[in-house]
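> Following the hints, position chain B against chain A.
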Amino acid sequence: MLYRTAGQFKTSYTADQALFPIRQDAYLLGIILIFAWVVFPLTASEFTFQTLLIPILIYSLAAMGLNILTGYAGQLSLGTAAFMGVGAYACYKMVTIMPWMNPVVAILLSGVFSAGVGVAFGIPSLRIKGFYLAIATLAAQFFLVWLFEKWAWLYNYNASGAIQVPNLQMFGVYIAGPQADSMVQYFVVLGIVTLLTVLCINLTRGNLGRTWKATRDMDIAAELIGINLMKSKLTAFMVSSYIVGVAGALFVFMWRGAAEPNLFDIPLSFRILFIAIIGGLGSILGNYLGAILIVGLPVVLNTLPQALGIPVSSAMVEHLNIMIIGSLIIFFLIIEPHGLARLWALIREKLIIWPFPY
Amino acid sequence: MLNDIFIAPFADMFAAPDFLMQVLWEGLVSGILYALIALGFVLIYRSSRIFNFAQGIMVVFAALTLVGLHAMGVPAWICILLTLGVMFILAVVIERVVLRPLVGQPDIILFMATIGITLFLIGLGEIIFGGENKVMITEELGIPTDSVVLEPFGGLLILEQKDITAVIVAALLVIGLLIFLNKTRMGRAIRALGDDHQAALSVGISLQTIWVLVWFIAGIIALVTGIAWGARAGVSFALEVIAYKALPVLMLGGLESITGAIIGGLMIGMLEKLFEIYWGQPLLGGNTETWFAFVLALIVLLFRPQGLFGERIIERV
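If you're matching them up, the sequences are chains A and B in order. Taken in order, the first sequence gives residues 1 to 358; the numbers are from the UniProt record's numbering. Taken in order, the second sequence gives residues 1 to 317; the numbers are from the UniProt record's numbering.
Bound conformation, chain A alone:
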């Protein structure tokens, strides 16, 4: 009913290929954006900002980076967390060496470093494929985390070995560090995430995105129709690592406030891979849906026993959480292997033709 397409005629190919082929999609996105930019900041509490809104956005961004590589270009990577670490450490070095630098610029630039590292670790992908490549990316994961620990220059020779986010100002407002306000941080994160999302949507719909998809679907065939595989795979590694690096910088500077090397260990990589797969590989929307599920679920599970008045120890809750998340992953994979984004696509199809079955 709300999604009826009657009366929306397309008179040109451009209209048919538009970003929003149906007007209601644009309205829906508009409503979501109003919520994100106006309604949430006005109503959300400190707790909501810190446990839901900011982490969901950051995790979606990281998953989007991974999705470019795995979902669009078909190169399975298990080293996402390490590239986030590269972004975070690069950002930390930049703001400590050049304190006058605008923090948002520093965050956006830190992705450049992880893009460089990503390309270096992406070179083997020209020869190695499938699971072999996935394990090869683990080399990046373990090597980089080891490097964060052993290379004291990276954390300015701190005794603790951890990086601590300093107070950073932009236009006279604290946007990072202990004095920053959650709402300000939320707007910074939201701004960067929105910007990069628009970039990703355009990239994946354009020439480069089609090259990636051809590489993913069958790389030999792609080569035969004249696609330069090296260019296609390495740009995928580059763009993906850039986004993941920015997400890593946001992760530490806008959310955690401090980071130890083991924060970027393999569980974080898997977490982001879960988000990308449960959300749906090869979709931008899916990253958000996946992040809402994976970040939101533990919060709900933590508060549920208290709300129901069941006395459970916090350790028990944590273990139950792990179990429930594990089984939910399997459950979602069984009901919809293509992810939540596909589930939404099916619902949308049904809504368009409702009340008729077909």
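Keep in mind the hints are simulated off the structure, nothing from the lab. Beta carbons are placed, not taken as given, at the ideal position from N, Cα and C, and that holds for glycine. A couple of the hints might just be wrong.
[As the list claims (entries may be wrong)] DMTMM-like mimics (lysine to aspartate or glutamate), calculated; alpha carbons at most 25 Å apart, straight line:
1) A:K129 with B:E276
2) A:K129 with B:E256
3) A:K213 with B:D107
4) B:K134 with A:E318
5) A:K129 with B:E311
6) A:K150 with B:E289
7) A:K150 with B:E276
8) A:K213 with A:E318
[As the list claims (entries may be wrong)] Covered stretches of chain B, as calculated for chain A (at least 3 residues, CB under 8 Å):
9) 18–30
10) 36–43
11) 102–116
12) 249–261
[What the hints assert, rightly or not] Short, incomplete list of chain A residues facing chain B, as computed with Cβ under 10 Å:
13) I128
14) L133
15) I135
16) L138
17) F142
18) V145
19) W153
20) L154
21) Y157
22) L285
23) M316
24) I335
25) R348
26) K350
27) I353
Relative to chain A, chain B alone:
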């Protein structure tokens, strides 16, 4: 600098051959354990093309069950039988609940599902057995705990008897497995399924039975690994990280090859110890074992993309 990299380590090796042998022995023992875990991976990968990430947690789970049952007062040998029973039930449940609905899905989906299993088993294990470190019931199982002292080249070489036991048991297990795979009806069925699913199905091999069987064998291997590793380092969830060590072994040896898993495991076990002792600790600040195996495997893969013993990847358009 060049001296530190290219000459000094070798001079050290020759100066103290007994220490070198000690290092190699330590590497060999951990290499055997890597090889065992990799073997669990290879078996499942060959018969179902599932990249089973849960092998590491199965090791922990088997060891925990064994220790937990013994703590309840069950005699040690009955514990082993009961643990095998638990691993069998686990195999049936995994096949029934997880794998059967996911037959025919892309590899990555099945891979994710095994990570789901991993998380589930971590939570379950912590709830039932608790997260603290436990001691493996080494004596109760009749594993000797003394050590043998040899004196090659006038030096000192200490071999722990439990390590020797682990090496012997592992060797027997591998030989038994090879006989089973090559000489029995069931073993041939497993290999047939690995070669071609549909052809195997059409000659009447039951996919479900074989999958349960393969996961059960992987469970047995997990139990042996758990006992051997638990005797060295105690039983805790930290054991799970050795599963990551099995991955470069797989890359190096090839995902489909049993020989590859064994040789790869031994190579990586020894080389990473050598690198750590002679290069890592003096030059790089130590703890290089976390990544050395991966980088080594990566370099080998650049020359042989299917690993040393893997099936040649033939791509058709």
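> So, for every hint listed, does it hold in this structure?
Going down the list of hints, with the structure as the test:
1. Distance check on the hinted pair: A:K129 and B:E276 sit about 29 Å apart at the alpha-carbon level, beyond 25 Å; violated.
2. Taking the CA atoms of A:K129 and B:E256, the gap is about 15 Å. The hint holds against a cut of 25 Å.
3. For the hint linking A:K213 to B:D107, the alpha-carbon distance of about 18 Å falls within 25 Å, and the restraint holds.
4. For the hint pairing B:K134 with A:E318, the CA-to-CA distance comes to about 21 Å; that is within 25 Å, so the pair holds.
5. Distance restraint check for A:K129 and B:E311: the Cα-Cα separation of roughly 13 Å lies within the 25 Å cut-off, and the hinted pair is therefore satisfied.
6. Note on A:K150 and B:E289: the hinted pairing holds, with a Cα-Cα distance of about 13 Å set against a maximum of 25 Å.
7. Taking the CA atoms of A:K150 and B:E276, the gap is about 14 Å. The hint holds against a cut of 25 Å.
8. Of the supplied pair hints, the one linking A:K213 and A:E318 is violated, its CA atoms being roughly 39 Å apart against a limit of 25 Å.
9. Chain A is given as covering the region 18–30 of chain B, and this is violated because 0 residues of the stretch bring a CB closer than 8 Å to a CB of that chain, at least three being needed.
10. With 0 residues having a beta carbon nearer than 8 Å to a beta carbon of chain A, the region 36–43 of chain B misses the requirement of three or more and the stated coverage is violated.
11. Counting residues of the region 102–116 of chain B whose C-beta lies closer than 8 Å to any C-beta of chain A gives 11; at least three are required, and the coverage claim holds.
12. Figure legend: the region 249–261 of chain B, annotated as covered by chain A; annotation consistent (3 residues with Cβ-Cβ distances under 8 Å, at least 3 required).
13. Annotation: interface hint on A:I128 holds; nearest CB of chain B at approximately 5 Å, less than 10 Å.
14. For A:L133, the interface hint holds, the least distance from its beta-carbon to any beta-carbon of chain B being 9 Å, beneath 10 Å.
15. A hinted interface residue such as A:I135 counts as satisfied when its beta carbon comes closer than 10 Å to some beta carbon of chain B; here the least separation is about 5 Å, so the hint holds.
16. Interface hint at A:L138: satisfied, since its Cβ lies 6 Å from the closest Cβ of chain B, which is below the 10 Å cut-off.
17. Annotation: interface hint on A:F142 holds; nearest CB of chain B at approximately 4 Å, less than 10 Å.
18. Interface restraint check for A:V145: the shortest CB-CB distance to chain B comes to about 7 Å, inside 10 Å, so the restraint holds.
19. The beta carbon of A:W153 is not positioned within 10 Å of any beta carbon in chain B (closest approach about 13 Å), and the interface hint is therefore violated.
20. Given hint, A:L154 at the interface with chain B, is violated; its Cβ is 13 Å from that chain's nearest Cβ, farther than 10 Å.
21. The beta carbon of A:Y157 is not positioned within 10 Å of any beta carbon in chain B (closest approach about 14 Å), and the interface hint is therefore violated.
22. Look at A:L285: its Cβ only gets to about 19 Å from chain B, farther than 10 Å, so that hint breaks.
23. Interface restraint check: A:M316 against chain B, minimum CB-CB distance 7 Å, threshold 10 Å, status holds.
24. Annotation: interface hint on A:I335 holds; nearest CB of chain B at approximately 9 Å, less than 10 Å.
25. The beta carbon of A:R348 is not positioned within 10 Å of any beta carbon in chain B (closest approach about 23 Å), and the interface hint is therefore violated.
26. Evaluation of the A:K350 hint against chain B yields a violated restraint, the C-beta minimum of about 23 Å exceeding 10 Å.
27. Against a cut-off of 10 Å between C-beta atoms, the interface hint on A:I353 is violated, since the closest Cβ of chain B lies about 28 Å away.
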